[in-house]
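Peer 1: Protein chains in written order, with the numbering used here: chain Z, 1 to 146; chain D, 1 to 291.
Any given hint could turn out to be false.
Said to hold, decoys possible - Mimicking EDC-like on lysine to aspartate or glutamate, the simulated pairs with C-alpha atoms at most 16 Å apart in a straight line are:
(1) Z/Lys12 <-> Z/Asp49
(2) D/Lys199 <-> Z/Asp133
(3) Z/Lys12 <-> Z/Glu51
(4) Z/Lys12 <-> Z/Asp54
(5) Z/Lys12 <-> Z/Asp103
(6) D/Lys241 <-> Z/Asp54
(7) D/Lys241 <-> D/Asp266
(8) D/Lys241 <-> Z/Glu134
(9) D/Lys97 <-> D/Asp84
(10) D/Lys97 <-> D/Asp113
(11) D/Lys97 <-> D/Glu83
(12) D/Lys199 <-> Z/Glu134
(13) D/Lys199 <-> D/Glu279
(14) D/Lys199 <-> Z/Asp54
(15) D/Lys199 <-> D/Asp266
Claimed, not checked - Residues from chain Z shown here face chain D by an in silico Cβ test under 10 Å; the list is partial:
(16) Val19
(17) Thr74
(18) Leu78
(19) Glu79
(20) Thr131
What the hints assert, rightly or not - Quick look at which bits of chain D chain Z covers, simulated, 3 or more residues with Cβ under 8 Å:
(21) 193 to 199
(22) 219 to 231
(23) 252 to 261
Rather than coming from a laboratory, the hints here were simulated on the basis of the structure. From the three backbone atoms N, C-alpha and C, an ideal C-beta is built for every residue, glycine too.
Take a look at the letters that make up each chain.
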Amino acid sequence: MPISPAIIVVVKNRVQSDVISGLSSSFTADDRADAMTPVFSITLAGPEDLEEGDVVAASESFVAVPWADACVHTGPFLEIQPTYVRFQLHGTTFVHAAAPDPDDWIYYRFIDFLCALYNIGVSTNVRPALTGDEYLAWDEARPHPS
Amino acid sequence: MPGPMPYLLHKSAYFEIIESLLDDPAVRVAGLQQLRSGHPLADLLGLDSTNLGAPPVTVAGIVTDPGWGDHQGPDERIRHINEDWLGMSNASGAWAKQPAAFPTGFWQGYQGDTDAILRKATICAIEVSLNLPPGVAGDPVPAPSALERQWPIDVYWICQGPYFQCWVMWRQSGSGPTEGHVTLLIATPAADGYPLTSKITRPVDPTNPKYTSSEYASPPPDDARLFTQGMWVIGHGDYEKTVVCSTEGTRHAQVMAPGIQWRAADPNTVVCVSPAEWEGGVLRDGRPYVP
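The shape of chain Z in the complex, shown without the other chains (with noise of 0.2 Å):
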């Protein structure tokens, strides 16, 4: 049986919820004038312009909620210290919503943490650091002089 729209309210509710409050330690709200209004929206970026309602989707067990979050960088995010830089975080929430109490719901997270990264200037433009092991399979494989 497909899950009722009305549980489908309360999963976007709680996706909501979900990430401010998981992520509190990191990002805040941005609520300048500028910002995103309203600062947290179901939707997904791109040229197509889509409604709440064309973006969400349910199975019988699952329900799929992307969602954007107008923030700023204002606690220790991945070990680097608040830079303040606003910016807008982009994920999907999948959201095991089988169980009758909601308490007992798994949110299965995909978020572009490496565009936040990129957004608060990180870089990833770095030789990559292979183990011991790894840097042999990468000698083994890579082209080399004839």
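Given the structure of chain Z, go ahead and fit chain D onto it with the hints provided.
Peer 2: Just chain D, lined up with the frame of chain Z:
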């Protein structure tokens, strides 16, 4: 570069050759004038030194000579410097900067005038080493025999990014003409295709000639201090990597962040390694420029 760059700090044959050129006061003074006047950098680096290596020789589709050293000839080395380091193109028949190209050369995520930076840094290093004030093209320079100061110049490369910057550092140790030295540290963005490894020791295997050279050692021999050059790395021998993913399911508000952790494989042991030259280290007597 003549080989891979598994270590964070790099010198290797190319920079040893540059250092040996700079050791000659006449070459250094001439190089200063050429750098100031815009002479192509690639022509000043000793890339034609015959002890750098040679490419394979193929006759009728059969490799008759596998080559040696960096397996390259001067033309390929010049292409490497101009194209990969300086972001130039010779599509028009002459090497020219491509200021609009992104990235510049093989520097990941970076655009800038690397030729101008490297040129200015080398000029600064030479001026300091010879006790000359900042100058421009056409300024007179003293005759090599009249130089009152001739400090040696060390050149090192750290390839990790994100910017292309050069650092010129010096230290005077006395009042004599050679009592001091200059260090030119080239800090670049990451280069395409050159990973690091956390492991700094190497297996010394008599059947594997790559590491049987006396130039690789861990620990270095007790008399290494008597060598004319040295470059050691001191640290834990290797590390174990742990990756934390953020997509594992959790309950409400228990958001996981991704992470990477490096833990010393043996935190109770610190090793000293003298890397092989072909992996970024130096020969005990350096590598001279050989016409």
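Peer 1: Against this structure, judge whether each hint is valid.
Peer 2: Hints, one by one, checked against the model:
1. Z/Lys12 <-> Z/Asp49: It is violated: about 20 Å lies between the C-alpha atoms, which goes past 16 Å.
2. D/Lys199 <-> Z/Asp133: holds, 9 Å
3. Z/Lys12 <-> Z/Glu51: holds, 14 Å
4. Z/Lys12 <-> Z/Asp54: Holds - the C-alpha atoms of aspartate 54 of chain Z and lysine 12 of chain Z are around 13 Å apart, at most 16 Å.
5. Z/Lys12 <-> Z/Asp103: holds, 14 Å
6. D/Lys241 <-> Z/Asp54: violated, 41 Å
7. D/Lys241 <-> D/Asp266: holds, 13 Å
8. D/Lys241 <-> Z/Glu134: OK: lysine 241 of chain D and glutamate 134 of chain Z at ~11 Å, within 16 Å.
9. D/Lys97 <-> D/Asp84: Distance ~11 Å between lysine 97 of chain D and aspartate 84 of chain D Cα, so the pair holds.
10. D/Lys97 <-> D/Asp113: Satisfied, since the Cα-Cα distance of roughly 8 Å is no more than 16 Å.
11. D/Lys97 <-> D/Glu83: holds, 9 Å
12. D/Lys199 <-> Z/Glu134: holds, 10 Å
13. D/Lys199 <-> D/Glu279: Holds. Lysine 199 of chain D to glutamate 279 of chain D sits at ~13 Å (cutoff 16 Å).
14. D/Lys199 <-> Z/Asp54: Violated - the C-alpha atoms of aspartate 54 of chain Z and lysine 199 of chain D are around 50 Å apart, more than 16 Å.
15. D/Lys199 <-> D/Asp266: OK: lysine 199 of chain D and aspartate 266 of chain D at ~12 Å, within 16 Å.
16. Val19: holds, 7 Å
17. Thr74: violated, 15 Å
18. Leu78: holds, 6 Å
19. Glu79: Holds. Min distance 8 Å.
20. Thr131: holds, 5 Å
21. 193 to 199: holds (count 7)
22. 219 to 231: violated (count 0)
23. 252 to 261: holds (count 8)
Hints 1, 6, 14, 17 and 22 from the list above are not met by this structure, while the remaining hints are.
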